[in-house]
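J.: What follows is each chain in one-letter form.
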Amino acid sequence: MEEEQSFLDICGGSLTLQRRYYSPSCREFCLSSPPLSLRSLTAVTCTVWLAAYGFFTLCENSMILSAAIFITLLGLLGYLHFVKIDQEALLIIDSLGIQMTSSYASGKESTTFIEMDKVKDIVINEAIYMQKVIYYLCILLKDPVEPHGISQVVPVFQSAKPRLDCLIEVYRSCQEILAHQKATSTSP
Amino acid sequence: MVLKAFFPTCCTSADSGLLVGRWVPEQSSAVVLAVVHFPFIPVRVKELLAQVQQASQVGVAVLGTWCHRRQEPEEGLGRFLEGLGVIFFHEPWLQLCRERGSTFWSCKAIQRSTPPGVPSEDQVMLVFYDQRQVLLSQLHPPAALPDHQAGDAPASAGGLAAVFDTVARSKALFSSDRFDEGPVRLSHWQSEGVEASVLVELAKQAAGPACLLLSFLLSLLSAMAACRLFRLWPLPFICSKLSTCEQVRHRLGQLSLVFSTQKAENPTQLMRKANVLISVLLDVALGLALLTWLHGKDRIGQLADALIPVADRVAEELQHLLQWLMGAPAGLKMNRALDQVLGRFFLYHIHLWISYIHLMSPFIERILWHVGLSACLGLTVAVSLLSDIIALLTFHIYCFYVYGARLYCLKMYGLSSLWRLFRGKKWNVLRQRVDSCSYDLDQLFIGTLLFTILVFLLPTTALYYLVFTLLRLLVVAVQGLLHLLVDLINSLPLYSVGLRLCRPYRLAAGVKFRVLEHEAGKPLRLLMQINPLPYSRVVRAYRLPSCGCRPKLSWSSLCRKLFFGELIYPWRQKGGKQD
Chain U
1 MEEEQSFLDI CGGSLTLQRR YYSPSCREFC LSSPPLSLRS LTAVTCTVWL AAYGFFTLCE
61 NSMILSAAIF ITLLGLLGYL HFVKIDQEAL LIIDSLGIQM TSSYASGKES TTFIEMDKVK
121 DIVINEAIYM QKVIYYLCIL LKDPVEPHGI SQVVPVFQSA KPRLDCLIEV YRSCQEILAH
181 QKATSTSP
Chain R
1 MVLKAFFPTC CTSADSGLLV GRWVPEQSSA VVLAVVHFPF IPVRVKELLA QVQQASQVGV
61 AVLGTWCHRR QEPEEGLGRF LEGLGVIFFH EPWLQLCRER GSTFWSCKAI QRSTPPGVPS
121 EDQVMLVFYD QRQVLLSQLH PPAALPDHQA GDAPASAGGL AAVFDTVARS KALFSSDRFD
181 EGPVRLSHWQ SEGVEASVLV ELAKQAAGPA CLLLSFLLSL LSAMAACRLF RLWPLPFICS
241 KLSTCEQVRH RLGQLSLVFS TQKAENPTQL MRKANVLISV LLDVALGLAL LTWLHGKDRI
301 GQLADALIPV ADRVAEELQH LLQWLMGAPA GLKMNRALDQ VLGRFFLYHI HLWISYIHLM
361 SPFIERILWH VGLSACLGLT VAVSLLSDII ALLTFHIYCF YVYGARLYCL KMYGLSSLWR
421 LFRGKKWNVL RQRVDSCSYD LDQLFIGTLL FTILVFLLPT TALYYLVFTL LRLLVVAVQG
481 LLHLLVDLIN SLPLYSVGLR LCRPYRLAAG VKFRVLEHEA GKPLRLLMQI NPLPYSRVVR
541 AYRLPSCGCR PKLSWSSLCR KLFFGELIYP WRQKGGKQD
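If you're matching them up, the sequences are chains U and R in order.
Residue numbering for the first sequence is 1 to 188, as defined by my numbering.
Residue numbering for the second sequence is 1 to 579, as defined by my numbering.
Treat each hint with caution, since some may be false.
[Stated by the list, open to error] No more than 25 Å apart at the CA atoms, straight line, and that leaves these computed lysine-lysine pairs for BS3-like: (1) U:K142 - R:K512; (2) R:K241 - U:K182; (3) U:K84 - R:K512; (4) R:K263 - U:K182; (5) R:K426 - R:K411; (6) R:K512 - U:K108; (7) R:K204 - R:K263.
Calculated directly from the structure, the hints in this document are not laboratory data.
Chain R with its partners taken away, still in its complex shape (with noise of 0.2 Å):
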């Protein structure tokens, strides 16, 4: 198999030294991690080594030799190197050597156990990899690695991500610089000096007590949501059926995650908790926005004027199209007598409707401007509110609707039963199938009587159910638009995807390799790179759930279900209850 050596890009410029890394015996690769400098004592760099196998259980060890030959070559050291792979043994010894001038290097690995007559070199390839960005990536998906206290990782984390996981375990190696007075020095990629922000430790030291007391304050809030009073029992149904109750649930399970004093176990729940503190923090911005500008310039008063008239309108135009119903609709002829019960029948009900808009009429600006307040809680809320507001302005084409779907509904039952009659067969509802059965002479009469009285009687129900289905799917539609925007801001990862945008390398879908310039007789040079993982796949690794589960309907049951005359609603209900 060909010897990979992983070589670190930070390294390339080091003086000469002893290579520091593990050595993966099942992909005979050898990643190397820093360079010990010269002068140094071996017991010390064995203890060094040691210390970082103890912190971070990874098999650090002595891989080989480098030199990088800045002046003439000098015949001492080459020797020397091969010296010192007496003290520090390991199997194979790796010899690496930077000629000056030259971008080309030699490699070499020497088998000590190969019985002689073997060639005991290998053939050797070169890795460069960013040590920095290989720290720091996470890759997708993650790979089953092994527990820390597992000890060495086993040849389960196959492959590269064996390379990554060497690489973020040793972080013990990388923590001194070599301002640092130590016993060794080291090369590596923070060997010129750690990284690490002030403001990045200051927001650490200031985060655990903020979060501890937002937390209590959050905890208080729920156990007033929790109290008895808010259990009695049209509460909780309300509740339920009020988007905006759902919204506010959901915001305050997103910050009780957020400012729960746990520490996240692992990279996925950390980028979570990110992700939702981003997208709250996004959409109290916005809701912000929204009440600087409603209340700026009185547009509070504009709306709650221009509401009234359009309340108006609406129930205006639908006397109108129920006095056109009630006539001739499109040169249909229906049946008279029923078609003018129920247009009756709505009429009144628009009657009741805008008596009550108008009984409503001074409180209506009171109401805006408390609703803008709601604002601050964050966009999300002001738009739920919104959706919640909708749904009780047309409340009266909710109820023509109920009203016009249950008719149909009770028709269609009894048209397929009494269609059963007339082909002498009937439902079963022990065996759950239909049956054929033997009808007497008058039951048959009556049967059929009844069939063709209802069929005659569908056509004007139909109109009205179609009418009305038509304006409350047009409301329908109007609200899942506003539950969608709602779900977007809730469930959009926009930390993941601004880390994507930002730093490419620290989501990894996998690695890319480029060949460097080659020249026969030295060993193959490859450079890795990570590969960044596509949007599209960073917004579904990261979506956060949204709040509630929209009504599974698909198209066809939703047809099927319009046609039969069953109810569709637009509120998300836990457990789907009209699946």
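The shape of chain U in the complex, shown without the other chains (with noise of 0.2 Å):
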């Protein structure tokens, strides 16, 4: 089962959100986030092109444009591969843990899985970014010494930063997993 919708992040952008169900006891969560623009790319290579062509002008050294090209180049490849962040899921399981994938533009994904005897909850949290207050979901690790405390918040969407409405809903699917675990386990 499939369902997809668009939400806005903190700054106004927007956001697709497509859930997965693949059983009662799997979910994923994915959020995308739309692809570089053709527009801010062309502003900016022309940015550091005519920079470097009134250089140029100045040195009257060709080493100079050449240098630029590469520059950007160099650049581009560094954005894609380790900046830009195209897509991020969640994919939590019962009973063995958490995923969170990010994907970048240049088809890098990295992964980190959290089993699920370290998760305490799952909550969202509110931060001060810059000047503005944000909500972010984040994934509450237990302490392995004392059994109640905290010993790691982990932020989950960090690159997306999808708006509240957008987390309530990934926070409600989560919490019902999360309770369906907790009443397996407690009575076996």
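Work from the hints to combine the two standalone chains into their complex.
T.: Set out below in structure tokens:
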């Protein structure tokens, strides 16, 4: 079963939330942000090249022009490979764990898997970000020493930064699975 | 709780049979290790399992049945498989079934002991894993695994670490392939043939005697180094100042670690040994390359010929600098008498230095030739020697710096205590604090007079100090760069990085799951893959300890020392004498 819904992120950009229900115990949420727009790419490239051309007219050294081309290419590759995240997915599997995957624009994927017995809860937190207050979803991890303490807070959807309405959708589904997990693990 | 069945991907096309594996009750997961094929004698299967259990301390049992329908469904087989549950009793009894021409499997878990009326079938989730990768991979950070003597793994090795541990410990089950004429036919990752390499086996056989011989030679060497002749007064002091000695000592330690006849106890130690071996090999290879480059085409002679003019040139530039300082540098008006005294003193020093270099000049080529030979011990030794040579050739700069710094330091201390006197205070040595104090009139007069003299002489000394400190810092920076290169070669874990590059599954940061194609009504199928460790964490986890500790000077403390005229050293000193 697959549903698609569009939301806004905190800056007003559009996001698409895909929900896939594989089975009652396994759900996946995919947040995709729009791909790199041609307009901004063109603007940045033109600015760099115009600046390089300005320098070229000053010093009359053609090395500057070739360096500018190389810098734009390398910068674009680095941006696509290390910075631009196209899709962030949260896969929650009952009694197994929670997996967070971020796919970069170049196709690189980085995955983190948290086992269910380390997860204490999933909550929505408030944070001050630049000059505004934003909400974010985060996973609370249990402290291995002290059972009621929290050892770490892992934020989810760090690059997409969706708004509260989208977070609530994800939060409700996750809580259903967590509640089911707690109910079955306490009375096996 | 959802029942999880971990199933090896290599058994997906196996014939029907029994599922052998371990049941982890805390997580209600069943780790399938192998499939036992028909026909078998139940007693023999139980014997085999008992043997494996004794060898690996893992509670291996028959978990259920596996049915792979290649032809039309046979009516008898289903009932037969159900009947097997009576012979090999297990709770719950798994029934995995793969239909012909279908990728979706059916899976049932039957609880026999549940009272009637309660639905006896649990939800089941199938997790496929690659047995070879899981067996060979090593989880990071290493989970606190129980001792092998402690019997079955307790609940502390939680979650997926238990799965990894189970697969890693039941190697005894995977030792037979299908060409063996054993009583029981198994299907697992090595069932097509045991994976081994002739070269590796030969190397293992040869490694024992070779290590014994080399460690004997190394112990002879270290015994020679510990001889009393080397304990006489000036030698240990000089050795502690020369980075070459430190590097040679470090190299000896590395070699004795690699060739020690003790077996590595855990994978971390094994990895460390391999890393050290590879780094030593690379170092020696680079050193030999340098050696061949140096000794080809008479490059040593050219270097020696170039060295003397360079030293002369440096001395000449220094003389010019001193003459500039003795005049009116940058239009500053200095105290003429002090300026002349200091300048002549330093000029005399340079004169001494130049005569020393010229005395040395006939021997320089010979010295360089022998230094070049040291490169066969490794590039790091050669680089350390280079750093020492730079230190020796710039000894005059060091001397100037020390004189300047001492003078400046004295002035700073004198000024600070006289400034206290100026304000009617003094430093109380007993209480380690500044107390107020009432001075006599003549005390105050003399103090103020001295303060004024020191203040007016300060710019001249400060200028000399500044110039020579800058020169000293330049030398220290060059030496620091060389030390950084040596440390890089010494501490880079090349074997781990290569392993991460070629066999990413060997160093695992964890696992990742992929949801496979799904159909309603059938159990969920997941594919478990190894999540490789990022390179930064590989380097951080396996970094080798570098030789000697670099002085841990933070930038602020460096600036403080420079301002107060305390001496700075590039020398590596154990224990950090200058901190």
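J.: Work down the list of hints and note, for each, if the structure agrees.
T.: Hints and how they fare:
The hinted pair formed by K142 (chain U) and K512 (chain R) meets the criterion: a straight-line CA distance of about 20 Å does not exceed 25 Å. A distance of roughly 64 Å separates the Cα atoms of K241 (chain R) and K182 (chain U); the hinted pair therefore is violated under the 25 Å criterion. Taking the CA atoms of K84 (chain U) and K512 (chain R), the gap is near 22 Å; set against the 25 Å cutoff, the hint holds. Under the criterion of a C-alpha separation no larger than 25 Å, the hint pairing K263 (chain R) with K182 (chain U) is inconsistent with the structure, at around 46 Å.
With a C-alpha separation of about 17 Å, the suggested pairing of K426 (chain R) with K411 (chain R) holds against the 25 Å cut-off. For the hint pairing K512 (chain R) with K108 (chain U), the CA-to-CA distance comes to about 14 Å; that is within 25 Å, so the pair holds. A C-alpha spacing of about 12 Å is found between K204 (chain R) and K263 (chain R), which places the hinted pair at or below 25 Å, so the restraint holds.
Hint compliance for this structure: hints 2 and 4 are not met, and every other hint is.
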